[in-house]
Amino acid sequence: MEKSVGNMQEIRNREQVEMFLNGKDSIEKFRRTLMQYECAMLEIKTKLDVLNTELSLQKSRNPFETIKCRIKSPESIFGKMEKNNIPMTVEAMEKYLNDIAGIRVICSFPDDIYMLADCLLAQDDITLVARKDYIKKPKPNGYRSLHLIVEVPIFLTDEKKPMRVEVQFRTIAMDFWASLEHKMKYKKHIDKAESISNELFYCAELIAQLDGRMQQIREKIEGAPEL
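In this note's numbering, the protein residues as written are 1 to 227.
These are computed hints drawn from the structure, not numbers from a lab.
The calculated label-pair distances, taken between Cβ atoms and stated as ranges, are:
| no. | residue 1 | residue 2 | range |
| --- | --- | --- | --- |
| 1 | 209 | 130 | 24 to 32 Å |
| 2 | 76 | 124 | 27 to 35 Å |
| 3 | 83 | 28 | 25 to 33 Å |
| 4 | 87 | 219 | 48 to 56 Å |
| 5 | 160 | 196 | 48 to 56 Å |
| 6 | 114 | 31 | 30 to 38 Å |
| 7 | 218 | 39 | 32 to 40 Å |
This one's a predicted model, so the numbers in the text were calculated from it and none came from an experiment.
C-beta atoms are modelled at their ideal positions from N, C-alpha and C, and glycine is treated no differently.
Take these sequences, add in the hints, and give me the full structure.
Right under this line is the structure:
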């Protein structure tokens, strides 16, 4: 039964996409806009890669471990627009959605998150649109991450255009917790769901303590005199 419902939802999403992209001009406009988001995403990724290379030379370690990029699928975009009663136009999509292009930066330590974020925002072609610090003020379920919505200009053959990109910064431990919580959240018919939510929250607290202690250990090692 669940599979049947899932298939119907997928068909419905495809129909929404087809209704939205009902003409050649709309299709080409939509594809070009997604291309522009991808270009903006690559601009931000390059900036972060450069910072990682420079800071690794200064500090003899890499500030971040991995970086992941993604562009929302058309189905996901239109589903979010429908859910939030956003008009089904490319113009409305650009105006109201901030997470079409997304980057996730996985760091080893919490202070690396803030250092990288500050260095990125200090660049004169980056504009901060919104900032949500779920590390200092976690979500009720225990979720921790630093979210930035930034705007960066892209240079095309015929125009210069500012585009928005969402950048999420997490530690390895925060990302591990968030990935597992996301997978379990979509399981159906879970017994004792409230108890599981409480356990997840407790695990998030332990992870935050672990991040703090690991950072303290690193500071002690870095502060120790060389032989």
